[in-house]
Amino acid sequence: MDAITRPQFKALFQLQFKLLQRAWKNPSTLQKAGVIITLIISTLMAGSLGWVMGYLVVILSQFSQVGSLQALMVQTLLLFMLSLFSLIWLLSPLLFALQNENLHLDLHKLLVYPLSFKNLYVLHTLTGFLEPWSLFFYPMVLGLIVGGFLLEGFSVLAPLLILGLLFGSVHVVWSRLLVNLLSSVLANRRLRETATLVLLAGIILLAFFPAVISSAFENHPDWQNNLREPGYFLGFMGPLNYWLALSPPGMATLALTGGLEHNLLKTGTALSGLFLWLLLGNQLGTSLLKQMVTSESGSRDQAQVSFAWKKSHLLGFLGYPLALIVRKELRSLSRSVIGKLCFFLTPFLLILMRLLLISTSQAPLPATTVCLSAMAYIFMTSLFLFCNLFGLDGEGFKLYLSGPMPVRRLLKGKHLAMACFTGSGFLGVLYLYTVFYEPIPLETLLFLALAFSCVILGALPLGTIISIRFPMPLDLNQTRYRQNATPVLLAFQMLSILLALPALAQGLGKWTHQPRNLVMFAILGIMIFCYFQLLRLSEELFTEHKLEILEKITQPVMS
Amino acid sequence: MSNMLSLPPSELPAIEIRNLGRHFGDFQAVKDLNLTVPQGAFFGFLGPNGAGKSTTLKMLTGLLQPHQGQIKLLGEDIWAKPGRVKQWIGVVPEKLSLFERLTASEYLEFVGGMYGLDQKTAQARSQELLELMQLEQKQETLLADFSHGMKKKTALAAALIHSPRILFLDEPFEGVDPVSAKILRDLLLSLTSRQVTVFLTSHILEIVEKLCNFLGIIHQGELLTSGPLQEVLDRMNQDKPLGTASLEETFIQLVGQKTEATSLSWMQ
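First to last, the protein sequences are chains A and B. So in the numbering used here, spot 519 of the first sequence is number 503, and the numbers just go up one at a time. So in the numbering used here, spot 205 of the second sequence is number 367, and the numbers just go up one at a time.
Worth double-checking, as some hints may not be accurate.
[To be verified] No more than 20 angstroms apart at the CA atoms, straight line, and that leaves these computed lysine-lysine pairs for PhoX-like:
hint, chain 1, residue 1, chain 2, residue 2
1, A, K102, A, K2
2, A, K93, B, K257
3, A, K536, A, K382
4, A, K530, A, K382
5, B, K344, B, K313
6, B, K344, B, K372
7, A, K102, B, K243
8, B, K313, A, K2
9, A, K396, A, K530
10, B, K234, B, K193
11, A, K382, A, K274
12, A, K93, A, K2
13, A, K382, A, K396
14, A, K312, A, K382
15, B, K243, A, K274
16, A, K93, A, K274
17, B, K282, A, K(-6)
18, A, K312, A, K324
19, B, K282, A, K2
20, B, K313, A, K93
21, A, K2, B, K300
22, A, K274, A, K102
23, B, K300, B, K313
24, A, K396, A, K312
[What the hints assert, rightly or not] If you only want the chain A side, here are some residues facing chain B, beta carbon under 8 angstroms, derived:
hint, residue
25, T(-11)
26, Q(-8)
27, V96
28, Y97
29, R392
These are calculated hints, taken from the structure and not from any lab test. No residue lacks a Cβ here, since even glycine has one placed at the ideal position from N, Cα and C.
Using the sequences provided together with the hints, build the complete structure.
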């Protein structure tokens, strides 16, 4: 077996150190000061967290002699703190790897060097102790020792430093594994986009989590007593508690309490559990490394492209150049992450809402309320696309300008594509409603269709005018450059007015004692007239500003 | 130096490939490839786009596992002893895997360390290589700020720092300026005169014709022909007097591409 040589060891650690250095190196003094302050605050926070944990452990050691309820509470608190720390340690590298792929030790780049897979992975993992998130582990351990020492519990803490080291190693191994997994996923476009959707689903699920928890409490006959009883959390009463108990923080807490109770079996079991986590992480990491060299998805995309091309002929009836533009726009939208997010967000929320209400015996929600709310949400999420019509084009915009494409056709094509995209999302919502609740009456369906048409007829040309005025590609997280918030604010104002139209139709219908669909028809007529007027205006503006648009959407992004 | 301690005997072929195969799903990228390249050869590996050149090169350098067959570099199976064999080879892959937040000199020193060179030797060699590649003025610049050609030169310098016995180069001259290309060509030729084997893939037939003394042509994953360059040319052009056949004609004849389409039917 090839051994790791000293220069290899040194080279990898130096590389990790350099990358760490560069991660904190920013050009302006202000940013540098910001980084230093963040570093100091984070170190202090990690130290304080460690201090509190040290304090808790000492208290726990005193309580455990009595075996009181307070001991359980402290134990629970400790478990939650460790879980939080664990979560931060595992998630931070992922966010960092997403942010800048050049700043982490990418395993793909190390495969060429003369090291066996096993050694390469071990070295790669060891350098993980020099990652920024791992660095905060040290002040935390220091805080833990100081906290314990000040409370004269140092004798209790000293043997637990081994536990701390094991706990830290588990996290370094798993954070490395997750980052490598993410890099492999990011290397594949389809997997990358699916992962984004899963991430989004996870975030939504987390956002709804309090509601799930509260309904679980409410449905429990004795929930008020359970809330007062910390054992509710530690009583293995659900998958969350199972996970908490079996996870590294759970194992660490168990080892800690076992040590304090002088229960060797408990401590031994927990330490073995942590060690198993370490082995599992290492094994999976090495397998993933091997997987990186055994699979590659280069040629599969080609087959997919030809399939996509065949599918796109469905729009042929629109004729040239409308079919061409619509096809291109729909393809761009469906392949972009933002497009996929916009499309799936509302149906996903609808499913979640229904799942949350499944345990309650409430009457079905009225179709008008649900579907109009979903419609508002669809427009709100895809507003970014409406008011940034040229942002996704980039260099491709030159094709539109160099070709003999009439401006009106181009705008119509883009509008048609956006209408198809948003409309299909809305159709999905209608379908889900009938699946979850009950069939929608024809009158309501007509009202919803008219309402949707009215809103989209306004959103398309108004969004185009905003796009012409502010063509710069929007960067939602604003990490690349300082962004003008005006287009987004304008788009929200536009949407607020347009979404009031269905309400106006309902109100007018009631006031004049006329069917709401009749009023909605009248509004639709006005909106069609407005659409063509605004389209003409957009056409003039576009013709005047097309070169300016090109310049702004293709200019290099400042780093 | 650790990599010099275990050098294989010079009579062994530099590269020996037996029944090599690799597929991606249903697509067979490389089929039953057999090839032998002697030490000190300047081997040109030619083929149209998507022929399987880069896939073969990745398998040869331990970056992609073959589904069948065996690869021996200087007598050792690279997939059986990757750590040992990779010490003898230098690679410039298709996608340059540089750590872009390092400067050129830092990167070369890192690569030197990974190949077992001590810091002093790595520093001295990286300086020499940067001068050779005309990058000494830019040695403190981050690789992220380099142009494509400069990155390519840095990758080539990194492939040379540990004095490899076989060099695998995937399109090494792509994006490199003519002056640097000339220096690189001379350097590679001087290396082969010292028994270093160069395995080069390229689309530029002139480069292959000028530099290589051995040739292999791959098309749709199958090796169509291989051997000493002149021998291959004469074998494929038996109707012509010896030594008069050109590589371009031979290549087009072998891969079976249409050459008559000089006019487009709709451009009258």
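Hints, one by one, checked against the model:
Between K102/A and K2/A the alpha-carbon distance is near 24 angstroms, which puts this suggested pair outside the 20 angstroms criterion. In summary, the hint linking K93/A to K257/B is supported, as the alpha carbons are separated by about 10 angstroms, within the 20 angstroms threshold. The hinted pair formed by K536/A and K382/A meets the criterion: a straight-line CA distance of about 12 angstroms does not exceed 20 angstroms. Only pairs whose Cα atoms come within 20 angstroms are accepted, and K530/A paired with K382/A is accepted, the gap being roughly 10 angstroms.
For the proposed pair K344/B and K313/B, the alpha carbon gap of about 17 angstroms is at most 20 angstroms, so the pair holds. Between the alpha carbons of K344/B and K372/B the distance comes to roughly 12 angstroms, so the proposed pair stays at or under 20 angstroms and holds. A C-alpha spacing of about 12 angstroms is found between K102/A and K243/B, which places the hinted pair at or below 20 angstroms, so the restraint holds. Restraint check for K313/B and K2/A: the C-alpha separation of about 19 angstroms stays at or below 20 angstroms, so the hint holds.
Under the criterion of a C-alpha separation no larger than 20 angstroms, the hint pairing K396/A with K530/A is consistent with the structure, at around 16 angstroms. The hinted pair formed by K234/B and K193/B meets the criterion: a straight-line CA distance of about 17 angstroms does not exceed 20 angstroms. Using a Cα cut-off of 20 angstroms, the hinted pair K382/A and K274/A is violated, with the two alpha carbons roughly 43 angstroms apart. Taking the CA atoms of K93/A and K2/A, the gap is near 16 angstroms; set against the 20 angstroms cutoff, the hint holds.
With a C-alpha separation of about 18 angstroms, the suggested pairing of K382/A with K396/A holds against the 20 angstroms cut-off. Only pairs whose Cα atoms come within 20 angstroms are accepted, and K312/A paired with K382/A is accepted, the gap being roughly 14 angstroms. Between K243/B and K274/A the CA atoms are separated by roughly 14 angstroms; this keeps the pair inside 20 angstroms, and the hint holds. Only pairs whose Cα atoms come within 20 angstroms are accepted, and K93/A paired with K274/A is accepted, the gap being roughly 14 angstroms.
For the proposed pair K282/B and K(-6)/A, the alpha carbon gap of about 13 angstroms is at most 20 angstroms, so the pair holds. For a cut-off of 20 angstroms, the pair hint linking K312/A to K324/A stands: about 15 angstroms separates their Cα positions. About 18 angstroms separates the Cα atoms of K282/B and K2/A, which keeps this hinted pair within 20 angstroms; it holds. Our distance criterion of 20 angstroms between C-alpha atoms is met by K313/B and K93/A, whose separation comes to about 15 angstroms.
Our distance criterion of 20 angstroms between C-alpha atoms is met by K2/A and K300/B, whose separation comes to about 18 angstroms. Distance restraint check for K274/A and K102/A: the Cα-Cα separation of roughly 9 angstroms lies within the 20 angstroms cut-off, and the hinted pair is therefore satisfied. Proximity of K300/B to K313/B is assessed by CA-CA distance (about 11 angstroms); at most 20 angstroms being required, the pair is judged to hold. Restraint check for K396/A and K312/A: the C-alpha separation of about 13 angstroms stays at or below 20 angstroms, so the hint holds.
Because the beta carbon of T(-11)/A sits about 5 angstroms from the nearest beta carbon in chain B, less than 8 angstroms, this interface hint is met. Residue-level restraint check for Q(-8)/A holds (minimum Cβ-Cβ distance to chain B is 6 angstroms; threshold 8 angstroms). A least Cβ separation of about 5 angstroms between V96/A and chain B falls short of the 8 angstroms threshold, and the interface hint therefore holds. For Y97/A, the shortest C-beta to C-beta distance to chain B is roughly 4 angstroms, which falls under 8 angstroms, so the interface hint holds.
Interface hint at R392/A: violated, since its Cβ lies 28 angstroms from the closest Cβ of chain B, which is beyond the 8 angstroms cut-off.
Of the hints listed earlier, those the structure fails to meet are numbers 1, 11 and 29, in rising order.
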